[in-house]
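Student: We have chain A already, so just place chain B on it with the hints.
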Amino acid sequence: MSEANNRPIPDTLEEAIRALRDAPTPAGPPVELIAATATEVKNRLAGTAPASAVARQQRRRRIMRYVGFGSATAAAVAVATAAALIGLGGNSAAAGFRKALDDAKEAKSVRITSRDPGGKVDLVMHVQGDRIRVDEPGSEFPVRVWDVRAKQELILDPLAKTARLKAMTEEDLRKAAEERSRIFNLLPTLRAEQGTTVKEQSEEKVGGRPAKVFAFSSENDSGRLWVDTKSNLPVRLKFATKFLSSYLEMDLEFADWNAEFDAQLFSLKVPAGYKLLDEKN
Amino acid sequence: MIDWDAVVREHGPLVWRTASRLLTSEADAADCFQNTFLVAVPLAAGEAVRNWPALLRRLATARALELLRSRYRNRLRSGGLTDEPVTDPAPDPLAAASQSELAESLRAALAGIDPRQAEVFCLICLEGLSNVEAAAELGMTPNHAGVLLHRARAALRERLRAFDPNRKHAPRGSHE
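For the record, the sequence lines run as chains A and B.
Residue numbers for the first sequence follow my numbering, beginning at 90 and rising by one.
Residue numbers for the second sequence follow my numbering, beginning at -17 and rising by one.
For reference, chain A alone in the conformation it holds in the complex:
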């Protein structure tokens, strides 16, 4: 009698239960998520209408802070979501936008400006290669610079004239790579969804330059994307998408695709007159 025939057959279900039960989970929850959740609970108890402009703005700020990379992540989500909504269908609107995504994928740099519901600029992000800078006055971290190659992060508070310089953890680096990928490689993040309506509308001017306009809507998202007719790159994205039990409204402008930004923007040197709060890790 063969011993192999007497060997018990592993129970795949039991193995799968062990695998899922023991699967590593990320450390958490993030501090910002705890704070945002507690606030939302209190808002719910107080009956605060989440649709108010102030609540939306505050919510967006909290969401941006919670996601760690702040608007870097939100912007990437916004552009990737818009790209996903357009899909890979055969209509000319989708084909036109697909071309724009192909071109965006090859970009090395971009400047993204975010506006609040009142139209006021509340955040500016510069991306150049492996470096990202986010300027968000009024937030907990008004200026943040990530240099993935140097694996360092600089946080500046221009009002308090303080600086913190820290090493990026493996988790930070992974997130930075993900977000950078999402910002530029829109095609790989595309998830074509049925039921999304895309229409090309009349051309409009953005920054004085003509732009094609795509209006899109689905069950959870609706908005408009403007694509420069000459460069064929996205120049503005305005939409609302379901996010964290509410709706995240985004109004983003894209500019300086492939520009060479001043290296000082991404410098990790503590500016003169700033107090360094933490030692370099």
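Quick caveat, the hints were computed from the structure, so don't treat them as lab data.
Since the model is a prediction, treat every value here as computed from it, not as a measurement.
All C-beta atoms in this analysis are idealised placements derived from N, C-alpha and C, irrespective of residue type, glycine included.
All clues given are correct.
What follows is a set of in silico ranges between Cβ atoms, one per label pair, in the way DEER data are often shown:
| hint | chain 1 | residue 1 | chain 2 | residue 2 | range |
| --- | --- | --- | --- | --- | --- |
| 1 | A | Ala344 | B | Pro97 | 45 to 53 Å |
| 2 | A | Arg133 | B | Asp96 | 26 to 34 Å |
| 3 | A | Leu262 | B | Arg51 | 31 to 39 Å |
| 4 | A | Phe230 | B | Asp(-15) | 24 to 32 Å |
| 5 | A | Lys131 | B | Ser52 | 22 to 30 Å |
| 6 | A | Ala124 | B | Pro97 | 25 to 33 Å |
| 7 | B | Ser52 | A | Glu195 | 29 to 37 Å |
| 8 | A | Arg133 | B | Ser52 | 17 to 25 Å |
| 9 | A | Ser291 | B | Glu140 | 49 to 57 Å |
Tutor: For chain B alone, kept in the frame of chain A given last:
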């Protein structure tokens, strides 16, 4: 008066683990996390909560399974890419890949079975509750929970057959 700051702080890690185990997307896990506490608000208002961990586990499991089903439905419709898992790489890539595949297979299978069965299964087999505890949380008899668990396991076993590495090598009989 419930101190919600303390509730979220104290039980947040448990809710986060429950959500992250089933949802590989950090954004989904965060969505589930927040929804769990928001759903708990009216429940806590209606009746004093005697066991916060058990209640939050149940709510988080239900929310996570809902999101899981939704993601798999979308994935089937679009044929799109999966979200990046948020776990750290393990020291042994091959073993990790195998375990990771098994875990993902079970997630996919859970998304396809009866929701009530999936919930009972998750509470007992993943969260470690006993039949009695799970039944109490779900408002059913332990016997009913046992039946649902049995059906869940049968359904999952069937769905996992496609991923069973021993399926082709099952012994056909003894040979002397």
